[in-house]
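Q: Throw the hints in and build the complete structure from the sequences for me.
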Amino acid sequence: MLISALIQGGGHHLGAGEYVPLVPGLILLLPLLGFLANGILALLHGRASANAVREGGELDLGDRAGRPSTHTWPSWIGPGVMAGAFLLTLVNFIRMFGVELHDPVIMSYWTWMATGTFAVEAAIQLDQLSMIMMMIVTGVGFLIHVFSVGYMRDDPGYPRYFAYLNLFVFFMLVLVMGASYPLMFVGWEGVGLCSYLLIGFWFGDREKSDAGKKAFIVNRIGDVGFLVAMFLLFAEFGTLDFVPIFGEAETLAYGGGLITAITLFFFLGAAGKSAQMPLYVWLPDAMAGPTPVSALIHAATMVTAGVYLVARSSVLFALSPVGSATVATVGAITALFAATIALKQNDIKKVLAYSTVSQLGYMFVGVGVGAYAAGIFHLMTHAFFKALLFLGSGAVIHAMHEAYHQTHRHADPQDMRNMGGLKAQMPITWVTMWIATLAIAGIWPFAGFFSKDEIIWQVAAFGGAEAAPFPLLYTIVWIIALAAAVLTAFYMTRLMLMTFHGISRTGERESEHLHEAPTVMWAPLAILAALSLFGGWVNVPEALQTSWAGLGGALPTTEWLHHWLEPITEQAHHIQEATLGELGHTAPFGGGEVLWAFISTAAALLVVLVAIRIVGSKEIRDAAEDKTQLSGFGKLLLNKYYVDEMYDRYIVNTVRRKAEFFWKVVDVGIIDRFLNALGWVTKGVGWGVSMFQTGAVNTYAFVLTVGALIVLGVSVLI
Amino acid sequence: MITDALLLSAILFVIGTFGVLVRRNAIIIFLAIELQLNAVNVAFVAFSNLYGIDGQVFVFFVMTVAAAEAAVGLAIIISIFRHYETVDVNNFNFLKW
Chain A
430 MLISALIQGG
440 GHHLGAGEYV
450 PLVPGLILLL
460 PLLGFLANGI
470 LALLHGRASA
480 NAVREGGELD
490 LGDRAGRPST
500 HTWPSWIGPG
510 VMAGAFLLTL
520 VNFIRMFGVE
530 LHDPVIMSYW
540 TWMATGTFAV
550 EAAIQLDQLS
560 MIMMMIVTGV
570 GFLIHVFSVG
580 YMRDDPGYPR
590 YFAYLNLFVF
600 FMLVLVMGAS
610 YPLMFVGWEG
620 VGLCSYLLIG
630 FWFGDREKSD
640 AGKKAFIVNR
650 IGDVGFLVAM
660 FLLFAEFGTL
670 DFVPIFGEAE
680 TLAYGGGLIT
690 AITLFFFLGA
700 AGKSAQMPLY
710 VWLPDAMAGP
720 TPVSALIHAA
730 TMVTAGVYLV
740 ARSSVLFALS
750 PVGSATVATV
760 GAITALFAAT
770 IALKQNDIKK
780 VLAYSTVSQL
790 GYMFVGVGVG
800 AYAAGIFHLM
810 THAFFKALLF
820 LGSGAVIHAM
830 HEAYHQTHRH
840 ADPQDMRNMG
850 GLKAQMPITW
860 VTMWIATLAI
870 AGIWPFAGFF
880 SKDEIIWQVA
890 AFGGAEAAPF
900 PLLYTIVWII
910 ALAAAVLTAF
920 YMTRLMLMTF
930 HGISRTGERE
940 SEHLHEAPTV
950 MWAPLAILAA
960 LSLFGGWVNV
970 PEALQTSWAG
980 LGGALPTTEW
990 LHHWLEPITE
1000 QAHHIQEATL
1010 GELGHTAPFG
1020 GGEVLWAFIS
1030 TAAALLVVLV
1040 AIRIVGSKEI
1050 RDAAEDKTQL
1060 SGFGKLLLNK
1070 YYVDEMYDRY
1080 IVNTVRRKAE
1090 FFWKVVDVGI
1100 IDRFLNALGW
1110 VTKGVGWGVS
1120 MFQTGAVNTY
1130 AFVLTVGALI
1140 VLGVSVLI
Chain B
199 MITDALLLSA
209 ILFVIGTFGV
219 LVRRNAIIIF
229 LAIELQLNAV
239 NVAFVAFSNL
249 YGIDGQVFVF
259 FVMTVAAAEA
269 AVGLAIIISI
279 FRHYETVDVN
289 NFNFLKW
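Protein chains in written order, with my numbering: chain A, 430 to 1147; chain B, 199 to 295.
Because the hints were derived from the structure by calculation, they are not lab data.
Even for Gly, the Cβ is constructed at its ideal location relative to N, Cα and C.
You can trust all of the hints, since none of them are fake.
Simulated restraints, written as ranges between beta carbons of each label pair: (1) A1125(A) - E283(B): 18 to 28 Å; (2) L204(B) - G1113(A): 40 to 50 Å; (3) K294(B) - G1098(A): 36 to 46 Å; (4) G1113(A) - A273(B): 36 to 46 Å; (5) V1114(A) - A208(B): 38 to 48 Å; (6) K294(B) - G1113(A): 13 to 23 Å; (7) A208(B) - A1125(A): 20 to 30 Å; (8) G1117(A) - G250(B): 45 to 55 Å; (9) N480(A) - K294(B): 48 to 58 Å.
A: This is the structure in structure tokens:
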């Protein structure tokens, strides 16, 4: 009764084809309230927690009964507000589901700022795209909050952790719900801040707080692009709201300089936030944060904000062939580049981090070829399986850490060379992570197969369009995308084999302490595993649905997501159709969608089997004994192409040298000296003049008289 | 007539000023200041003959202020004398840098 009342819209019956939102402001407000509540609890416990973190140790909170109340409440508040936000989003989603909503619903709460002709409303925009993003953010976010209850249980900063995590969700929702670029930018910066706070969560460790700073600074470079793009938009349209801008966008010249500049600057911002070349370097370092944070922020939601930005601005990007080509090219290069690095990493989270960078590259390839729905589709499936992979790795790290902690051994619990054979102790984690691995590798019928395949196919179709710009480029992008898919299958299989299969390298004594994650941790894994398995079925391409891949039409939907997002993407698609003509029907080397879907899944499956043979037959030593000296290309990959070293040498050090020059020479040497000299002169003059003050009455009387006489004399004479 | 009065006033003022400058005894300096004030009073009265009653009214103000000043000044001098047993202003130059 209550539920139907909620769905029906509080009593009054809705006419068909009308979407009435249900308190969408509350969706934003709930995580914010959670942040405030947890923040207060964190402050109450602040001193003890900060000291414990600084000492690098753990706060021994003992059993549950002995935990202070500041540590039990966040377990309910943190996931609780997320559950509320998710249910509310779900209600709104269901309400939007059945209606034909062509124009977005915009709800304005107050005027945020108004100066001259410039006015920004604190308004949220509810449409199909923001709804999908809200579902991902609150849904996956809720699961990760639940997982965190188990993962962070013994951490001294427990309430602070949930405060930051809630705040992150709030800003992420602002990002996807904002009805204008400035509001989106607020969320954009807010999630950046939370990312910084959570990467450096264990601030007692220098390396970790440095990683936080690196993420923050690299993101600032991208943000400059976002800002400049906003300025250009405002200069042209006089507004920054989405609806009027996209309405008038087509008055701009197709492929003109202005639209190209706007899209390129937006893409710079997106490349910073979504870790694309050449600004991807912060994401692998961001793994310094707690693993659930890596899952939520650095895999499932925040890093996809760039993809959302491009999809949201689809009209602008469709008008700029150069901008779109840049997006696709950078995405493809990043996808391949990061995938190769992931081949040789030994840290389980580093592999996943580079995998994330690579998959983000895929999404950009998708939105770069005008397949905005495909990009968002991959964003969604990736949120499922990458969150699952990260949470699974979190469960593994949790178990490894516990084992080392119990036996007082100091070894890296994240190094895969120290693992092996974990499937015996952690069967649930093992199974769910295999599901995610098969999904990310793009093997039928897992979620990744449908989303990745659609992107690869769209590249081929776009490159084969009648008037496609740079057709050769798109052929290359297509080949790269296929190659990266094969590499993905390889490095993920390697990760699974090194972690869960083969002989145990953890050590005999330590192995006894290895155990499966508690229910609160494996339950989210199971739900995400189901989503990784079935999540792709919401958007089965029409061509595949009737073929073997759709089980001859047995899979439930045909391009549901594609149709769902149509109100958002149709304008871009009209522009595309008008300028490029009809999309191609065959891949660069012949063959249609169904054939290439088969080839790619067969290739991925083959690579998984080959990887099992290669990695399985190789003897792996644990990290302390591993003296393998890689040479040539392997060494290059292990060291991540020395990109960080290159940046350090040519950018960081240059800036540092300049900063040191300005500090030591200009500031200390010139400015400070000048000011000090000024001070000394003033002091000296004051000292000299003070000698006139003798303290003797006669002197004063005499000077007074002489002064009076002089004044008198002067006034008489003149 | 007015010249004589002004001349008297000027002589008295110069004597007063001279006294303030050269004497060391605080009480004598005080007396000299009173002399200066009264020199000014003479000038006021002389001018009031020409310009109306305002000058004489002002003299009353000066006398009132002089009386108040004498009371406070003498109190300070007595207090100084009690502390140092001298009223020679050459001994008092503590109020400096």
